[in-house]
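Can you make the complete structure from the sequences, with help from the hints?
So the chains spell out like this:
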Amino acid sequence: MRHTISVLVENKFGVLARIAGLFSARGYNIASLAVSETMDPATSYMTIVVEAKDENILEQIKKQLNRLIDVISVTDFTKKEHVDRELILVKVNYSPREKNKLENILNKYIAKIIQHKGDTAIIEMVGEQEQIKQLLEALNQFGIKELIKTGRIAMASQ
Amino acid sequence: MKMNGAQILIECLKREGVEVMFGYPGGQVLPIFDKLYDANLKFILVRHEQGAAHAADGYSRATGKVGVCIATSGPGATNLTTGIANAYMDSIPMIAITGQVKTFLIGNDAFQEADVTGVTRPITKHNYLVKDARDLARIIREAFYITSTGRPGPVLIDIPSDVQLQEVEFIWPQEVKIRGYNPTCFGHPGQIKKAAKLITQAKKPIIYSGGGIISSAAHHELKELAEKIQAPVAMTLMGLGGFPGTHGLALGMLGMHGTAFANHAIMEADLIIAVGARFDDRVTGRLDAFAPNAKIIHIDIDPTSISKNVKVDVPIVGDAKNILGQLLEEIEKVPDVGDWLKTIEGWKRKHPLTYKDGGKIKPQYVIEQLYEATKADAIITTEVGQNQMWACQWYKYDHPRTFLSSGGLGTMGFGFPAAMGAKVGCPQKQVIDIAGDGSIQMNIQELATCVCNKINVKVAILNNGYLGMVRQWQELFYKKRYSHTRLYNPDFVKLAESYGALGLRATKKEEVRPAIEKALTTENVVFIDFHVEPEENVYPMVPAGEAINRMIDGLA
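Top line first, the protein sequences correspond to chains A and B. Heads up: the first sequence begins at 1 in the working numbering, then just goes up one per residue. Heads up: the second sequence begins at 1 in the working numbering, then just goes up one per residue.
Simulated from the structure, these hints should not be mistaken for lab results. It cannot be assumed that every hint is accurate.
[To be verified] Straight-line Cα separation of at most 25 Å, SDA-like style, residue types lysine to any residue; simulated pairs:
1. LYS177(B) to GLU10(A)
2. LYS203(B) to CYS185(B)
3. LYS63(A) to LYS193(B)
4. LYS63(A) to ILE123(B)
5. LYS311(B) to ALA17(A)
6. LYS65(B) to GLY410(B)
7. LYS494(B) to ILE455(B)
8. LYS177(B) to LYS53(A)
9. LYS308(B) to LYS12(A)
10. LYS53(A) to ASP84(A)
11. LYS311(B) to ALA34(A)
12. LYS311(B) to GLY14(A)
13. LYS63(A) to GLY150(B)
14. LYS396(B) to ILE331(B)
15. LYS308(B) to ASP76(A)
16. LYS223(B) to HIS247(B)
17. LYS102(B) to ASP84(A)
18. LYS131(B) to VAL15(A)
19. LYS356(B) to LYS375(B)
20. LYS375(B) to LYS518(B)
21. LYS131(B) to GLY14(A)
22. LYS12(A) to ILE171(B)
23. LYS102(B) to ARG138(B)
24. LYS53(A) to PRO514(B)
25. LYS131(B) to LEU8(A)
26. LYS194(B) to ASP302(B)
27. LYS308(B) to ARG2(A)
28. LYS12(A) to GLN174(B)
29. LYS80(A) to SER307(B)
30. LYS375(B) to THR63(B)
31. LYS308(B) to ARG67(A)
Spelled out as structure tokens, the structure:
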């Protein structure tokens, strides 16, 4: 099962390497990772999506993260009410003939064309993993040339 | 006051109470060594940086103070790493200081450059690369705080040589504040209550105690608890000395080469009170067969140690000394364990620790004689392998910090430099390294350090001409195919003499005790070369992957 963990860390060089090292040393794979400064430039948020076979591994990961001196706090969103989002950029084949068809799909998923050059268009969408998956399935018929995803970010509801 | 980085370092070390450093100079620590020249700080020049790290580690284990070692950049620093990893695995407080190439050269493959914070990241509790001398005082204070609190562990400080020369205003930070680091000290009262209830209900309790007892100085509380609830105490290798080995409730060491009665007791127990131990694979044997009927209370300062290997019923995070104190207050009714203690007495009579005497000198006999000759009042260090296991089995440790051994990492070459560090920290004590002929050669260069600094440690070499523990495994599990375990050795007596130490040899049983007496009364470093039975095995033994009550005793 995939779990989203958010880690508040000191914004210093080497911290990302410590976190990455913790995962790699134990053979845990990071599915996605998003890092950026918080409102306080002395700290950063790292949102990590990790595959954990069972509850024990997830517990170990959280404890190990907490043990790092540069980690200030760890939030596990698995059982916590929260919202999460990913951003994708997707390049598809585009011809004026199919304009309406494409726009209908994009409207449904609140996605938009942000650039259009020659016979390709770059589409942007922000959403949850499932919506993104559905959009990509719908776009398949046009021919997807390239896809880039950001890591997931998450925020607790309260 | 203006100071350069090197002066700040030395000033901070003094303020942290450092009395001695072990190390080796080099190009990128020249500014520090220049300030050490007249710093009035004891410095022990080793002959190899690994020796410095193990010596600082041994000093720390023997005294409870923070050991400090220093080396130059690149190879100096990488030579420290085995010693750092060793301290990390055994949770030993230690500060390692390394020189680094100048800040503007970092990453340029400069001469003697290595990414030392990168290399040591997984083997330190924390590490620092200091890029500005203004951060140095704060970093050193943090480092000493981190290394010695919570679950202790080594901290490395990497200081580029231009930072050592950078002149800044020296400001001693009054306090340490690290928002991401707040070790839990006291046990949760609710958990203490639950644990006390389980203890009261137990019919077959056992205490399984580890190195945490020693690092938190919880030995008095442990003894009080064991006596109060009449629970027998089985110790890990790291825990030896945390409970008196001669006490009626002591079961000695448990696990792969533990006593049969300790292993039977933990397998039959209905309650395991684990304190400052981590259910290492050498202790548990086959995990799914481990202590099937026992409820487990696990007391540990490190939450990651709890429920890592075995499922725990009552986890209690915090300092062992505090938690045992809390438990002692909470327990009112004492369980009735009369039958249980009788069962254990039966195992003790039926499966005592033993060996067959006769023929050449038996290594077990040497250790028994060391025990008697030192009246149990020495600090024993060990190398790794058979010598280490026999030292666990045949010497009784009644006090904490008297048995210093590489538990987690299993580092051959640890015992001699560790003995050196221990002797520097406890000059009034006899310090004896129980060694094998293989492992003593891994850091034998420290003979020079010991002799020229009059660090009069004694080394008992159990010389069997083999890498004994590997040979034992080859004998038992690889059809006696002794692949590369036969050793060609130097003449250890002449070797000791060439350094100015005393060399003694015993080849017959009746020569053992006189050699030991001679060594103990000689004001010099002494090597004793005991020619022991070449193919003696360590028993009992639990084969890897077996349940720990399925022992081979070798005496059938």
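Status of the hints after comparison with the structure:
1. LYS177(B) to GLU10(A): Roughly 13 Å between the alpha carbons, so the hint for LYS177(B) and GLU10(A) holds.
2. LYS203(B) to CYS185(B): Distance of about 30 Å is beyond 25 Å: violated.
3. LYS63(A) to LYS193(B): Since the Cα atoms of LYS63(A) and LYS193(B) sit roughly 24 Å apart, the hinted pair holds (cutoff 25 Å).
4. LYS63(A) to ILE123(B): 17 Å, holds
5. LYS311(B) to ALA17(A): It is violated: about 31 Å lies between the C-alpha atoms, which goes past 25 Å.
6. LYS65(B) to GLY410(B): Holds, because 22 Å separates the two Cα atoms, which is no more than 25 Å.
7. LYS494(B) to ILE455(B): Holds, at roughly 19 Å.
8. LYS177(B) to LYS53(A): 37 Å, violated
9. LYS308(B) to LYS12(A): 30 Å, violated
10. LYS53(A) to ASP84(A): 22 Å, holds
11. LYS311(B) to ALA34(A): 33 Å, violated
12. LYS311(B) to GLY14(A): Roughly 34 Å separates the two Cα atoms, so the pair is violated.
13. LYS63(A) to GLY150(B): Within the cut-off at roughly 14 Å; holds.
14. LYS396(B) to ILE331(B): Violated: LYS396(B) and ILE331(B) sit about 30 Å apart, past 25 Å.
15. LYS308(B) to ASP76(A): 19 Å, holds
16. LYS223(B) to HIS247(B): Holds, because 9 Å separates the two Cα atoms, which is no more than 25 Å.
17. LYS102(B) to ASP84(A): 44 Å, violated
18. LYS131(B) to VAL15(A): Holds, because 15 Å separates the two Cα atoms, which is no more than 25 Å.
19. LYS356(B) to LYS375(B): Measuring from Cα to Cα gives roughly 24 Å; hence the hint holds.
20. LYS375(B) to LYS518(B): 15 Å, holds
21. LYS131(B) to GLY14(A): Judged against 25 Å, a Cα distance of about 13 Å means the pair holds.
22. LYS12(A) to ILE171(B): 22 Å, holds
23. LYS102(B) to ARG138(B): 21 Å, holds
24. LYS53(A) to PRO514(B): 61 Å, violated
25. LYS131(B) to LEU8(A): 24 Å, holds
26. LYS194(B) to ASP302(B): Holds: LYS194(B) and ASP302(B) sit about 20 Å apart, inside 25 Å.
27. LYS308(B) to ARG2(A): 20 Å, holds
28. LYS12(A) to GLN174(B): Answer holds: LYS12(A) to GLN174(B) is near 23 Å, not above 25 Å.
29. LYS80(A) to SER307(B): Holds. LYS80(A) to SER307(B) sits at ~23 Å (cutoff 25 Å).
30. LYS375(B) to THR63(B): 20 Å, holds
31. LYS308(B) to ARG67(A): Holds, at about 14 Å.
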